[in-house]
Structure formats: structure tokens, C-alpha cells
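Asks: Whole structure, please, built from the sequences with the hints as guidance.
There are 2 protein chains.
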Amino acid sequence: MSHPTALAGTVRVLAFDVFGTVVDWHGSIVREMARLHPQVDGDAFALAWREGYRPAMARVMRGELGWTRIDDLHRMILDDILPRFGLQGLGEAERAHLNRAWHRLDPWPDSVAGLERLKRRYTVCTLSNGNIGLLTDMAKRAGLPWDCVLSAEVFRAYKPDPATYRGVAQVFDLQPEQVMLVAAHHDDLEGARACGLRTAYIERPLEFGAARPKDVSPRPENDLHCADFLALADALGA
Amino acid sequence: MSHPTALAGTVRVLAFDVFGTVVDWHGSIVREMARLHPQVDGDAFALAWREGYRPAMARVMRGELGWTRIDDLHRMILDDILPRFGLQGLGEAERAHLNRAWHRLDPWPDSVAGLERLKRRYTVCTLSNGNIGLLTDMAKRAGLPWDCVLSAEVFRAYKPDPATYRGVAQVFDLQPEQVMLVAAHHDDLEGARACGLRTAYIERPLEFGAARPKDVSPRPENDLHCADFLALADALGA
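Protein sequences appear in the order of chains A and B. Using the working numbering, the letters of the first sequence map in sequence onto residues 696 to 933. Using the working numbering, the letters of the second sequence map in sequence onto residues 696 to 933.
These are computed hints drawn from the structure, not numbers from a lab. Worth double-checking, as some hints may not be accurate.
[Said to hold, decoys possible] Within a straight-line C-alpha distance of at most 25 Å, the following computed PhoX-like cross-link-like pairs (lysine-lysine) qualify: (1) A:Lys814 - B:Lys814; (2) A:Lys835 - B:Lys909; (3) B:Lys835 - B:Lys814; (4) A:Lys814 - A:Lys835; (5) B:Lys835 - A:Lys835; (6) A:Lys814 - B:Lys835.
Here the structure is a predicted model, which means the values were calculated and not measured.
Replies: Below you can see the structure in the form of C-alpha cells.
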């Protein structure tokens, strides 16, 4: 790993993965289901919904589907899984409301305070496969103080397409090493590293729920490994 | 003009033109020049730089130039006008620094307070021909509390191309009449209106400097006509 002080002198922009890294999608969907449809196993429902996400993006990236926003992919997956959970009877308004649960995800407890600190010294932006409207609604509700909302929708490509990582550096007219990707997922960080970005891994052991703790052991290829955003702010002198 | 109360019930997103509407480009460039190159007529310099802006965008929109960010258009114009002001001797670092004066524009006195109020009730975003990096740097320095930075760079078209106005509604999955463009320029508002957006005209009589007060008389085709962002917040119940 690089020396934090050297990093703090080089890095100008921190680009954050969002689902799982900034917000707790699993817990938030479980809570939505407990409120809206308490008879359903919210844990299984959240996992099934999220499981459809990568295959759906892969269909877009292979050209089987035209460019599609995550809101629309979420809705396709939702319509697909509802019968499995006995919810095939949901009407259009209920489906539309439920689909917007992804706009209402709650942040991890350290996210807002950590971003507030990091924002004082760095430009903090999203780099998410979520669409701009989703990310903006989420930030407004949760109080996430982004300087700028960047999304797959801006670059017309999903992570880990290099166009997304390089796109952040280009937007800010910076060298790749002046941008750090912050994420709780090694494949995302690997994609960023391959484009010359710096990387910070954030432990989010409960991303898939308390019943499925994630292996969060450090990997030496990342520049930083932090328990949460407050530790990241400490490491980056913010 | 529409009744403000009806508007407040319909409109969800306020999209702001930036140069001249949110920030005082003329005064800011004059102040930069007074600091950096006090021998130059800052007023004439600011006007010359800005005059090159529309013709440069028109070249891109006609296809004579590929997609070009405003940072790069500003630089082309700058290189072109420097000899006229006796500044042909400026080196690369000085030119690059001066070009970023557009990232350092000061807001009008009411801009930050007005946006803070409007943000409580509406989603507030930019819709500017300025590039994302420029708008983000400007917001960070000036304290402009955007929920989201939208730019010609996102839509790959400059205003008044309909793709920009319609793009805002699409990003937020809204009907055009749920979006209001806020601008100090009638041609921009006209473009928005043709796409079905609501419009608010903001008086900025000193946009071109105290020596050239602008005609800011109301035009009936706009939904609102306000002296500044605080009056806009009053009119929209924010």
C-alpha cells in the first residue's frame, strides 16, 4: 500500500461507488419490505432483486438491450421476481413506488459525517452504475453532500468499463492517479486500478445482511484499506 | 404569467442557467484582470472573451469542430484575443491559470441564500453550457448547494438544443412542465418553453457591467419574472 501522506498530496478527487459502499441496500430493502409487504421474506427478496442486477447490465453491455438506466433495469428484475414472492398481484402504482426504494436507500452510519470531512479537502463525487436521478434523490433524502453526481448515465457505460474510470479523470482534467476510487468491491477497484486510478477499499461486512458476513480482509493491491469513511478521512488527512 | 401557487404544486426541479444568472462573469473577470494584469482594460477584455463564446459553440453545433468542452472553447478564444490586449507574451502556465478564471466566478449576492431556500422544497440543478468540472469547481469555491450538476457535457449538446431541456426532464423521469428553467436570458427561456418547460426570468441588470445596464423589463411569456433568487423563493413558496 502507498504511504497515506503521499496519497493526500496527489489525490484531488474521490469517486465513490454507491450501492453497498455509501448506502446499505440490503438493510434498506428489508426495511421497505417489512413496511410495505410484511408477509414477504425481505432478506430473500432483497438478495433476489440485487442478484438480477449484474446479468441485466451484462445484457446492455453485450448490446442485447439498448442503453438502459438502472431504474428501468430494477423494474425489469422486479417484475420478474414478484411472482416468486407471491406479489404478482401488485398494480402499476405499487410497483413504481417499490421500484423507487432504490432512491430511498439509507446511508451507512459513518457515510454522511465521513463525506462532510472528506469534502473539505477533496472533490467528492459518485461513480455509480445508478442513474443520475436515482443518485440525486438518494443524496437529497440521505444528506449525502456530493460536489457532483457522476454516473454510468454520463458515460453511457457501466462499471467496470474503462470509460467510466477514465471519464472521471477527464471530467476534472486530471491525471488518473489524481483520482481515487472508493469502493467496498474488489472487482470495481480492480477496474479502476487498471485505468491508473488510486484505490481505497472500505469494509462493509454487513452488505449482504447480518446472516452473510462478507470477507473484508485486506488485499495489498489497494492503496488504502479502511473500516469506514471516518477512517478514510483520517488516512487522507481530512 | 401562471399563478405562483399552481406552479409551486407542479414544479419539482429547478434547472439554472449559470453564467450571468447565478454568477457574475463580467465582474469576476474584471477583478481577475485587475489582480493579474492591471494594465489591461478588464471591462473590454471580459466582453471580448465572452463575445467569442457563441460563435465557438456554433462551430461545434454545425459540426466544424468535434464535441468540445467550454474550458477548451474558452482557451481557444483566450489565445485569440490575448494579442489584442498586449498579452501575447503570456506563457502556458499563465494562460492555463487565466483560463480557469471561469471556474472562479463569484455568485451574485443573493445566489447562495436563494438556492439554499429553494433547495429545501425543490431539486436544484445546473443546466449550463459550462462543463461538469468547471461547474463543480465553481460550486465548491462559491458554496453553491446544487443537488446535481447537469451540463451540456452530459447531453453532448449546447443550449438551446432541445436535447438539453428535454434531457433534464428525462434525467428525473418527469414531465417537461414539472421542470422550470431559471435564467437571465430570454433566448434560453424561449428554448426551454418550446420544449414544454416552465420558465422564470431573473433580472441581472449588471450582467455586462455597470456601464451597460441590460433591459430587464418583463415579458408575458415567462411564468415568473423575479428580481433575484430570493424573490424566486418567495414566488415558489420556498
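Asks: Taking the hints in turn, state whether each one holds.
Replies: Against the structure, the hints:
Distance restraint check for A:Lys814 and B:Lys814: the Cα-Cα separation of roughly 19 Å lies within the 25 Å cut-off, and the hinted pair is therefore satisfied. For the proposed pair A:Lys835 and B:Lys909, the alpha carbon gap of about 36 Å is over 25 Å, so the pair is violated. With a C-alpha separation of about 16 Å, the suggested pair B:Lys835 and B:Lys814 falls inside the 25 Å cut-off, and the hint holds. For the suggested pair A:Lys814 and A:Lys835, the alpha carbons sit about 16 Å apart, so the restraint of at most 25 Å is met.
Our distance criterion of 25 Å between C-alpha atoms is met by B:Lys835 and A:Lys835, whose separation comes to about 17 Å. About 9 Å separates the Cα atoms of A:Lys814 and B:Lys835, which keeps this hinted pair within 25 Å; it holds.
Of the hints listed earlier, the one the structure fails to meet is number 2.
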